[in-house]
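Keeping their order, the protein sequence lines are chains B and P.
Mind the numbering: the first sequence is residues 1 to 274 in the numbering used here, read in order.
Mind the numbering: the second sequence is residues 275 to 594 in the numbering used here, read in order.
Hints are not guaranteed to be accurate.
To be verified - Derived contacts from chain P toward chain B, CB cut-off under 7 Å, selection only: (1) Ser306; (2) Ile393; (3) Leu395; (4) Met429; (5) Pro432.
If you are wondering where the hints come from, they were derived from the structure by calculation, not from laboratory data.
By construction, the Cβ of each residue, glycine as well, lies at the ideal position given by its N, Cα and C atoms.
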Amino acid sequence: MRPGRLRHRVGMLAHRLAVLLVTGFFLLPFYIMLSNSLKPEVHINAYPPVFVFRPTLNHFAEVFRRYPFASYLLNSAVISLSATALGFVIGIPAAYAIARYALRRLITLILVVRMIPYVSLLIPWYLMAQKADMVDTYAPMILTHLLFTIPYAAMILIGFFEDIPMALEEAAWIDGCSRLEAFVKIVLPLTLPGIVAAAVIAFTYSWNNFLFALVLTGAKTKTLPVAVYSFLTADQVDWGGLSAAATLITAPVLVFVCFVQRYLIRGLLAGAVK
Amino acid sequence: MVKPPHSRTESSALEGAAGVEPTLGQAAAWASRLDPHLRVLFSLPSLLAFLVILGFPVVYMAYISLHEWPISPNLPATFLGLGNYQTLISSAKFWWSLWITLYFTALAVGGELILGFAIALLFHREFPGRSLARVILIMPMAATPVAMSLIWNMMMEPSIGMLNYLLSWVGTPRLLWAADPGWAIPSLALIDLWFWTPFMALIISAGLQTIPDEVVESARLDGATTLALFRFITVPLVRPHVVMAVILRTIPALKTFDHIFVITGGGPLRASETLNLYTFLEGFEFFHLGYSSALAVALTLIILVVSALLARLRARAWSY
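Just need the whole structure built from these sequences, with the hints factored in.
In structure tokens, the structure reads:
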């Protein structure tokens, strides 16, 4: 029995070690980001890297002092919240219609929308915004972000609506509700957790989106991803400031996503439904 | 829609639970008049939205691609017919960027599949802190890609970056990472691995959970080795999930933009200029709007064709 036990112990140890290695790999960039954002300037360019230091919040203060970071934050929030809200007002009914009436062509259309490379829409969108004199305004940004907030709302929620038994709605009809009333009064409240989770995922995508912002925003409407990118193109790369800015951008979505992590997988898989 | 008969008790129980009162006011009458049209009413807003935000721009893009298009809105465009497409077909840069796109996709998706499968197997076994580790795996997928790319850029810095420091532990020589033309695509694929391997792992993990314990147990009793178990039970049973995971990653990988743009901008020496990057740079760096639109049309067609082929592959994998 002894050699078998030993083999078991070694196997377990190897397993734990592998798990540690894997999680270490995925944590490493987050560790670098956080530690560089808190490192005093003198240690940032040190080699070999300094692991023990007295943390400072200077870089965070600098980011707000040197750049209009608060207004970037506001721009990102306005665009992402509007794109999510509008996308869901349009996407929720679409998801319900697909779930209840099996609209195969609408699903296919939504899948195609998800597939289109956004790079190819940049020129027409830029020219359209230019013609309408709306470059550097919120409207084109919010509208282009509907390209993913509507599909996210629809793809994730189809499943949630399908899970609600038809009998519930039928009971409401018998009691005199119209279909529309039954949808608003019964189906929507029951799917609320799903809607919230889907909204968090769609918001995260919009918050993270870089490509449209790169072309359609200007000084007035610059969003966080474009702002943090400009740290790199500045004459001298300020690693501390860059890490602090990256931390500020990433923190809110990471916190959100930890709350809805269960649904995130479902959201990412949403493209997979038949 | 069929209305199955309900027992009175069931429907009144539901009524109590959901708090529905039969209302017969004006609004209700109006709402019930909308009922027969609900299907159209609910799908119309999304159709209209797609027409405006996608349909029109796509047609406009195709139209621009037939022209030499000026940057200034006051200048006239010159009609070229299929001229831009002729340039594209005969351009070595186009074929190069197509090759780079495929190289990057193959490396990234292949690596993610192997590592993702391994991680799924690791996580299939119970261990303390597993749910925390799972949250850690999800974090890269949600973190802002541009921000994390900048952090990776910092880590890949040749003289003081963390990656070369870690390599020095094992005694390997320093690398230039993405700054070396030969290493640019592997370096970018490594970053892609960080972003998306967890996605692959989670899907394959879901597949592993569908394997019934009895199957594994009876194979063990029959004396199957761990390797044979993996080869003849695990792999065939999770195959549909693997195929799906590969498909779901391939399309986005073909379209990768953020970390390539941030870290190499397509360089050095075009070493990482994927079709996506080439299209962007032609449009917004050199302002060849017409030619860039032709590239955009080509890119869109390639993606749609690949998607259709992959969809067929999936239909076959899930058919039994």
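Hint check results:
1. Ser306: 4 Å, holds
2. Ile393: With a minimum Cβ separation of about 6 Å from chain B (threshold 7 Å), the hint on Ile393(P) holds.
3. Leu395: Interface hint status for Leu395(P): violated (9 Å vs cutoff 7 Å).
4. Met429: Nearest chain B Cβ about 6 Å off; hint holds.
5. Pro432: Since chain B brings no Cβ nearer than about 11 Å to Pro432(P), farther than 7 Å, the hint is violated.
Checked against the numbered hints above, the structure violates hints 3 and 5; every other hint is satisfied.
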